[in-house]
Amino acid sequence: MDFRTYVNKSKNEVIIGLCFELEDLTKRIMSLETFMKSEEYCKLSERHQIMLTDQIDIMYDYMRVLGRRIEDYT
11 MDFRTYVNKS
21 KNEVIIGLCF
31 ELEDLTKRIM
41 SLETFMKSEE
51 YCKLSERHQI
61 MLTDQIDIMY
71 DYMRVLGRRI
81 EDYT
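Residue numbering for the sequence shown follows my numbering, beginning at 11 and increasing consecutively.
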């Protein structure tokens with residue numbers, strides 16, 4: 011996320027924007043977790059499976075950051 015996007019925005023606009031980002035991120039994580047249950051995922055190399063798992067972990071960390079930012083504005 012580029013926090014410069016929220017410069018000169020009202021508090022409500024910032025909260026709404028962060029909530030939309032959080033919703034989008036949640037959908038991406040759910041999609042990846044669904045993929046991880048698929049047959050195609052099983053065909054990936056172990057290295058690629060680990061990379062995908064790491065990516066999901068990073069997304070969860072980012073969700074926590076977004077949550078804290080939303081709390082800061084509320």
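Some clues are possibly wrong.
What the hints assert, rightly or not - Pairs of lysine to aspartate or glutamate residues, derived as EDC-like cross-links and limited to a Cα-Cα distance of at most 20 Å, are as follows: (1) K19 x D82; (2) K21 x E33; (3) K21 x D67; (4) K47 x D67; (5) K19 x D71; (6) K47 x E31; (7) K19 x E31; (8) K21 x E31; (9) K53 x E31; (10) K37 x D67; (11) K21 x D82; (12) K37 x D64; (13) K37 x D71; (14) K53 x D71.
Please keep in mind that the hints were generated in silico from the structure rather than gathered at the bench.
Hint check:
{"no.": "1", "hint": "K19 x D82", "verdict": "15 Å, holds"}
{"no.": "2", "hint": "K21 x E33", "verdict": "18 Å, holds"}
{"no.": "3", "hint": "K21 x D67", "verdict": "29 Å, violated"}
{"no.": "4", "hint": "K47 x D67", "verdict": "16 Å, holds"}
{"no.": "5", "hint": "K19 x D71", "verdict": "25 Å, violated"}
{"no.": "6", "hint": "K47 x E31", "verdict": "25 Å, violated"}
{"no.": "7", "hint": "K19 x E31", "verdict": "16 Å, holds"}
{"no.": "8", "hint": "K21 x E31", "verdict": "15 Å, holds"}
{"no.": "9", "hint": "K53 x E31", "verdict": "31 Å, violated"}
{"no.": "10", "hint": "K37 x D67", "verdict": "14 Å, holds"}
{"no.": "11", "hint": "K21 x D82", "verdict": "10 Å, holds"}
{"no.": "12", "hint": "K37 x D64", "verdict": "17 Å, holds"}
{"no.": "13", "hint": "K37 x D71", "verdict": "15 Å, holds"}
{"no.": "14", "hint": "K53 x D71", "verdict": "27 Å, violated"}
Comparing the model with each earlier hint shows violations of hints 3, 5, 6, 9, 14; every other hint is respected.
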